[in-house]
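Kindly generate the complete structure, drawing on both the sequences and the hints.
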Amino acid sequence: GENVEQHPSTLSVQEGDSAVIKCTYSDSASNYFPWYKQELGKRPQLIIDIRSNVGEKKDQRIAVTLNKTAKHFSLHITETQPEDSAVYFCAASIMGAQKLVFGQGTRLTINP
Amino acid sequence: DTEVTQTPKHLVMGMTNKKSLKCEQHMGHRAMYWYKQKAKKPPELMFVYSYEKLSINESVPSRFSPECPNSSLLNLHLHALQPEDSALYLCASSRGLAGTHQETQYFGPGTRLLVL
Chain A
1 GENVEQHPST LSVQEGDSAV IKCTYSDSAS NYFPWYKQEL GKRPQLIIDI RSNVGEKKDQ
61 RIAVTLNKTA KHFSLHITET QPEDSAVYFC AASIMGAQKL VFGQGTRLTI NP
Chain B
1 DTEVTQTPKH LVMGMTNKKS LKCEQHMGHR AMYWYKQKAK KPPELMFVYS YEKLSINESV
61 PSRFSPECPN SSLLNLHLHA LQPEDSALYL CASSRGLAGT HQETQYFGPG TRLLVL
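Going line by line, the protein sequences match chains A and B.
Residue 54 in the working numbering sits at position 54 of the first sequence, with consecutive numbering throughout.
Residue 101 in the working numbering sits at position 101 of the second sequence, with consecutive numbering throughout.
Incorrect hints may appear among the rest.
Unchecked claim - PhoX-like cross-link-like pairs, simulated, lysine-lysine; straight-line CA separation at most 25 Å: (1) A:K22 with B:K40; (2) B:K41 with A:K22; (3) B:K9 with B:K38; (4) A:K42 with B:K19; (5) B:K9 with B:K40; (6) A:K22 with B:K38; (7) B:K38 with A:K42; (8) A:K42 with B:K41; (9) A:K42 with B:K22; (10) A:K68 with A:K58; (11) B:K9 with A:K42; (12) A:K71 with A:K22; (13) A:K42 with B:K40; (14) A:K57 with A:K22; (15) A:K71 with B:K41.
What the hints assert, rightly or not - Derived Cβ-Cβ restraints for the label pairs, each shown as a range: (16) A:S12 with B:M15: 38 to 44 Å; (17) B:K38 with A:P8: 19 to 25 Å; (18) B:K18 with A:S18: 35 to 41 Å; (19) A:T109 with B:H77: 37 to 43 Å; (20) A:G1 with B:H77: 25 to 31 Å; (21) B:R112 with A:G1: 25 to 31 Å; (22) B:M15 with A:K57: 42 to 48 Å; (23) B:R112 with A:K68: 35 to 41 Å; (24) A:K58 with B:P8: 35 to 41 Å; (25) B:M15 with A:P8: 34 to 40 Å; (26) A:G16 with B:P8: 39 to 45 Å; (27) B:A80 with A:V20: 43 to 49 Å; (28) A:E83 with B:G96: 29 to 35 Å; (29) B:S65 with A:T78: 44 to 50 Å.
Said to hold, decoys possible - From the structure, some residues in chain A lie toward chain B, with a derived Cβ separation under 7 Å: (30) Y32; (31) F89; (32) S93.
If you are wondering where the hints come from, they were derived from the structure by calculation, not from laboratory data.
Ideal Cβ positions, reconstructed from N, Cα and C, are used throughout, including at glycine.
This is the structure in structure tokens:
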């Protein structure tokens, strides 16, 4: 079945710097890749997503890139702020399997 | 209404109790999901309902029993749970299923369950 690997598991950056989280997936039929942010005690919230017919998508300080050949996608956060501190999960949607497969998560800490 | 709501927020139950978790959405979504999330782990899929019919059961023990009374409601009935079932139970909904281009899932706030 599909497997999604996410790295790093923890990431600490200085406020104002950029943060990059990477995920790889195994099933080449996957075609939808969302990113969720989960603050402590809160629900996972969708922050950005990308489909396999697009190589990059940007929303203000957040961008996602997709390399279908290499089967990996990345989340880029620029000009990080303390409120960006959270756990971030990537996921891949398996064509025909009707479900998302999540990565293990990255705990991002923004240091003031 | 653009939210998924869940009740209760917290639940403490003994191993012999019967309780139910409730989830509601009024976004017209036709797919609804139950996930279990342990601390520091990703959400783990339990059940998927599509058009009020169970389409996926991820080999969940029978002490968890899902129910979809209508397109807006999703219940999870709990009976004879074990302490290791303590977790955050998340409900989610989407317009359609994975692979349909309507698969974006929106999560509820969850029910934090403690089994004593």
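Results for each hint:
1. For the given pair, K22 of chain A sits about 18 Å from K40 of chain B by alpha-carbon distance, which is consistent with the 25 Å threshold.
2. Only pairs whose Cα atoms come within 25 Å are accepted, and K41 of chain B paired with K22 of chain A is accepted, the gap being roughly 17 Å.
3. For the suggested pair K9 of chain B and K38 of chain B, the alpha carbons sit about 16 Å apart, so the restraint of at most 25 Å is met.
4. This hinted pair checks out: K42 of chain A and K19 of chain B have alpha carbons roughly 23 Å apart, not beyond 25 Å.
5. In summary, the hint linking K9 of chain B to K40 of chain B is supported, as the alpha carbons are separated by about 19 Å, within the 25 Å threshold.
6. As the CA atoms of K22 of chain A and K38 of chain B are separated by approximately 22 Å, the hinted pair is consistent with the 25 Å bound.
7. Under the criterion of a C-alpha separation no larger than 25 Å, the hint pairing K38 of chain B with K42 of chain A is consistent with the structure, at around 13 Å.
8. For the proposed pair K42 of chain A and K41 of chain B, the alpha carbon gap of about 14 Å is at most 25 Å, so the pair holds.
9. For the suggested pair K42 of chain A and K22 of chain B, the alpha carbons sit about 17 Å apart, so the restraint of at most 25 Å is met.
10. A hinted pair counts as satisfied when its Cα atoms are at most 25 Å apart, and K68 of chain A with K58 of chain A qualifies at roughly 18 Å.
11. A distance of roughly 11 Å separates the Cα atoms of K9 of chain B and K42 of chain A; the hinted pair therefore holds under the 25 Å criterion.
12. Between K71 of chain A and K22 of chain A, the direct Cα distance comes to roughly 11 Å. Compliance with the 25 Å bound is thereby established for this hinted pair.
13. As the CA atoms of K42 of chain A and K40 of chain B are separated by approximately 13 Å, the hinted pair is consistent with the 25 Å bound.
14. For a cut-off of 25 Å, the pair hint linking K57 of chain A to K22 of chain A stands: about 15 Å separates their Cα positions.
15. For the hint pairing K71 of chain A with K41 of chain B, the CA-to-CA distance comes to about 23 Å; that is within 25 Å, so the pair holds.
16. The hinted window of 38 to 44 Å between S12 of chain A and M15 of chain B holds, with their beta carbons roughly 40 Å apart.
17. For K38 of chain B paired with P8 of chain A, a C-beta distance near 20 Å keeps the hint of 19 to 25 Å intact.
18. In this structure the supplied range 35 to 41 Å is violated for K18 of chain B paired with S18 of chain A, their Cβ-Cβ distance being about 50 Å.
19. Restraint check, T109 of chain A to H77 of chain B: a C-beta distance of roughly 39 Å satisfies the suggested window 37 to 43 Å.
20. Range check, G1 of chain A to H77 of chain B: about 28 Å between beta-carbon atoms, so the 25 to 31 Å window is met.
21. For R112 of chain B and G1 of chain A, the Cβ-Cβ distance of about 29 Å falls inside the hinted range of 25 to 31 Å, so the restraint holds.
22. Between M15 of chain B and K57 of chain A, the C-beta spacing of about 47 Å keeps the proposed range 42 to 48 Å intact.
23. At about 38 Å, the CB distance of R112 of chain B to K68 of chain A agrees with the hint of 35 to 41 Å.
24. At roughly 39 Å, the beta carbons of K58 of chain A and P8 of chain B sit within the given window of 35 to 41 Å.
25. Against the hinted window of 34 to 40 Å, the Cβ-Cβ separation of M15 of chain B and P8 of chain A comes to about 38 Å, which satisfies the hint.
26. At roughly 41 Å, the beta-carbon separation of G16 of chain A and P8 of chain B lies within the given 39 to 45 Å, and the hint holds.
27. As the Cβ distance of A80 of chain B to V20 of chain A is approximately 46 Å, the hint placing it in 43 to 49 Å holds.
28. The hint said 29 to 35 Å for the Cβ distance between E83 of chain A and G96 of chain B, and at roughly 32 Å that hint holds.
29. Between S65 of chain B and T78 of chain A the beta carbon distance is about 46 Å. The supplied range of 44 to 50 Å therefore holds.
30. Contact between Y32 of chain A and chain B, as hinted, is supported at the beta carbon level, the nearest pair being about 6 Å apart and thus within 7 Å.
31. Taking 7 Å as the C-beta contact cut-off toward chain B, the hint placing F89 of chain A at the interface holds, the least distance being around 5 Å.
32. Look at S93 of chain A: its Cβ gets to within about 4 Å of chain B, closer than 7 Å, so that hint holds up.
Violated hint: 18 only; the structure is consistent with all others.
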